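Using the hints, position chain B against chain A.
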Amino acid sequence: MKTPKYASLPDTTLLNRRDFVKTLGAGAAALSGLMLGRPELHAATGDEVVTNIGDFMKTPKGPHALPGPFPGKVVQVIDPQSLLNDAIDGRAVRRMFEQGVTSLTGKNMKQSFRMFFTKEDVVGLKVNPVGPPLINTRPELVDAAIDWLDGNGLPRKNIVIWDRFDYMLRDAGFTAERFPGVAIEGLQTMDEKGNSWKGADGRHVSIGNFDMDAFYYAKGIEGKGVRGYTDDENYLNQHVFNNEYSYFGRLVTKKLTKIVNLPAFKNTGNGISMATKNLGYGSLCNTGRLQAPLVFRVCTEVLAAPWIRDKLVLTVTDGIRGQYDGGPDVNAQFVYPNHSLYFATDPFALDMICQQQMVEKRKAMGVKVNEHPRFTDYLRLAEKLELGIADPAKIRLTTLRA
Amino acid sequence: MKKILSAGLLLLFLAPLVRADDTPLLPPSNLAKGWVRSRPAKVFTSSDLYGYIDGGAEIFLEYGFERLTVQQYVSGKTGEITLEIYRMTDPVAAQGIYLMKCGEEHRDSSFAEIHTLSKYQMLVRRASFLLNLTNRDGDARAVPVMLAFCRYITGKLGPNGDLRILDLLPREGMVSHSLRIFRGPYSLQSYNPLSDKNIFLLNKSVAAVGAEYRAGPGEPETLIRIPYPDTLAADRAFRYARSQVDTSVRILTQSDESFAFRDYRNRFGLLRRAREIIEIRANLSALPAEEGAR
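Going down the list, the sequences are from chains A and B. Start counting the first sequence at 572; every next residue gets the next number (our numbering). Start counting the second sequence at 66; every next residue gets the next number (our numbering).
Excised from the complex, chain A in its bound form:
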């Protein structure tokens, strides 16, 4: 092999190979004079983006508002039978669902239903259809949720499986054939290539699906010139609007009376894409502009909006499989059997528990992990806003093993 033609690294300043190996794990320096307190959390800077979170917080809370009747309580049900030889066992998933709900509420399934729903409710099941068949919300979990609702007198036509994009639901198998009698609804459509997303008036055909009176506002953050989009047309195709407003879907604001959140179990960089992100980025449009400047903060502030805060009664995170790296898109080499479902009325406590477990898994698999507080600051923000519990010392995790 030829000798590389880089300038040699001076031994007096940078270490050569032999010296580097010698200094690994070198003895302590004279540090006794240093004060070793914990540094401050990532402090807010003066140039934080202004949003309309204040308006959300002024709205009086409804009777089912976050964090729900069990703040800080998380139940994890583990059953190895749920995933055997790569096949999901729907019966095991159903058992786990029942165990989790009853353990969370302390009541039987019928009583639990009455705690959260009436027979007149219109219940939205927010799934994550990304990455089928490996890392999306399992249809078997959705079956269990539907059977619980249906079995307690909620008409199937009052149940809506939903996500942001209609085609993603189809690709993941959430179809009328698979779920007869249940509504399947995407907030919007998107045309990967072509102009079918445009109506006769030149605007997005999905505009009418969004509520102009219900929005998440971020001052100065527009969907124009966002990296990764050719031009305004390309952005609008995916995001419907490109101004400073992300409008909530009318399904969420006008039709649904309750929401059951069914996210997947996966990472996104050193954070997670689970309970709060499933709704934070899945309930509204024009989110491409938010990723870079606000990323995780959206997950808390959108859930503070009354259309989510007052309707989200239960989250069941689908951890039958997990993905510990390469997320949020599917990367099969990082998918692993986790055999778990996680239950909470408090999505922030749930995400904190799942974040901790994801970090441990990543470390166990040899992934280099950055545990900087910036990856969980949004959960602590939620606690400050009294939307949930994020302090691990205050979270009560109950683990049930089949």
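No lab work stands behind these hints: they were computed from the structure. Heads up, a few of these hints could be off.
Stretch by stretch, here's where chain B covers chain A in the computed footprint (C-beta under 8 Å, at least three residues) [what the hints assert, rightly or not]:
(1) 653 to 662
(2) 675 to 684
(3) 801 to 807
(4) 828 to 841
One side of the interface only, derived from the structure: several residues of chain B facing chain A at Cβ under 8 Å [what the hints assert, rightly or not]:
(5) 120
(6) 168
(7) 178
(8) 181
(9) 183
(10) 185
(11) 186
(12) 199
(13) 201
(14) 203
(15) 217
(16) 254
(17) 261
(18) 264
Taking lysine-lysine pairs in the DSS-like style, the calculated list, with each CA pair at most 25 Å apart, reads [stated by the list, open to error]:
(19) B:98 / A:790
(20) A:939 / B:262
(21) A:965 / A:678
(22) A:632 / A:955
(23) A:825 / A:728
(24) B:142 / A:939
Computed from a predicted model, the values in this text were never measured in an experiment. Beta carbons: idealized from backbone N, C-alpha and C, even for Gly.
The following block gives chain B in isolation, referenced to the frame of chain A:
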């Protein structure tokens, strides 16, 4: 005659500006018996990659991405393989993405290229290209098909390209699967305790390499090296980095060419500039003796 010559010269001038088309790389239907293309190929450029992989697009854009060509193949009622051909800007970009996504490699002894393979997915790096194949249902019978597709494509690609940047790091003591190439703050996220911003001014021309090293019990230490085009560029990056460290980082000692720091976990680190190279050592349990004595 003049007109023909002029047209020819014009074409020669414009040729590099005409987009490369990667669809000729796509295996034809029935290359593997019974596997056929199910729909026309889709092509995404750097301008519209978010339309395909949304949350996963940022890392590709950071490394240097030119084009993605996607083709789906089906066999019978259930077999489905999605083939993605990522044309990156250069071999460093392609290898950078590959190292981020491959995890612990599982290689097939019959396939000589840089790759990892499972029954659900195959990832290959050759030249400036990254191939990603997803076998939707994980049927093991589709694995030879994925291999056949990759052999077909890599047979049409050029040599692997210059990756001498990797020689900047010592191999002895390196934790396996920890080697990385970085081209921006997103790829650096797990390795850089100093900031989540691009404080080292990485770009398409300036990449960094990093890895973890273990010499005993306890956490491995991190080593990152960044070769700049010249001393001036390295010095500019050094001064910028020193001025932009995160508020959770405390600079303990500093000079014109180095500074020692303590991060949010009370782990120590050292950043030094030597001519055109910046070196960062991080996640140290203690500072090297000569730094602690300053």
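Each hint tested on the structure:
1. 653 to 662: violated (count 1)
2. 675 to 684: This one is violated; 0 residues, fewer than the three required, reach chain B with a Cβ under 8 Å.
3. 801 to 807: holds (count 3)
4. 828 to 841: Since three or more residues must qualify, the claim that chain B covers the region 828 to 841 of chain A holds, with 3 doing so at under 8 Å.
5. 120: Since the shortest Cβ distance to chain A is 4 Å, the answer is holds.
6. 168: Result: holds, 5 Å to nearest chain A Cβ.
7. 178: Violated, because the Cβ-Cβ distance from residue 178 of chain B to chain A comes to roughly 16 Å (cut-off 8 Å).
8. 181: Because about 6 Å separates residue 181 of chain B from the closest Cβ in chain A, which is inside the 8 Å limit, the hint holds.
9. 183: holds, 6 Å
10. 185: For residue 185 of chain B, the interface hint holds, since the closest Cβ of chain A sits about 3 Å away, which is under 8 Å.
11. 186: holds, 4 Å
12. 199: Holds - the Cβ of residue 199 of chain B comes within 8 Å of chain A, reaching about 7 Å at its closest.
13. 201: holds, 7 Å
14. 203: At about 6 Å, which falls below the 8 Å cut-off, the nearest Cβ of chain A leaves the hint on residue 203 of chain B intact, so it holds.
15. 217: Not OK, violated: residue 217 of chain B not within 8 Å of chain A, min 21 Å.
16. 254: holds, 6 Å
17. 261: Holds - the Cβ of residue 261 of chain B comes within 8 Å of chain A, reaching about 6 Å at its closest.
18. 264: Violated: closest Cβ of chain A sits about 14 Å from residue 264 of chain B, beyond 8 Å.
19. B:98 / A:790: violated, 56 Å
20. A:939 / B:262: Cα-Cα ~18 Å, so holds.
21. A:965 / A:678: Holds - the C-alpha atoms of residue 678 of chain A and residue 965 of chain A are around 23 Å apart, at most 25 Å.
22. A:632 / A:955: holds, 16 Å
23. A:825 / A:728: Since the Cα atoms of residue 825 of chain A and residue 728 of chain A sit roughly 16 Å apart, the hinted pair holds (cutoff 25 Å).
24. B:142 / A:939: Outside the cut-off at roughly 41 Å; violated.
In terms of the numbered hints stated before, the structure departs from hints 1, 2, 7, 15, 18, 19 and 24, listed from lowest to highest.
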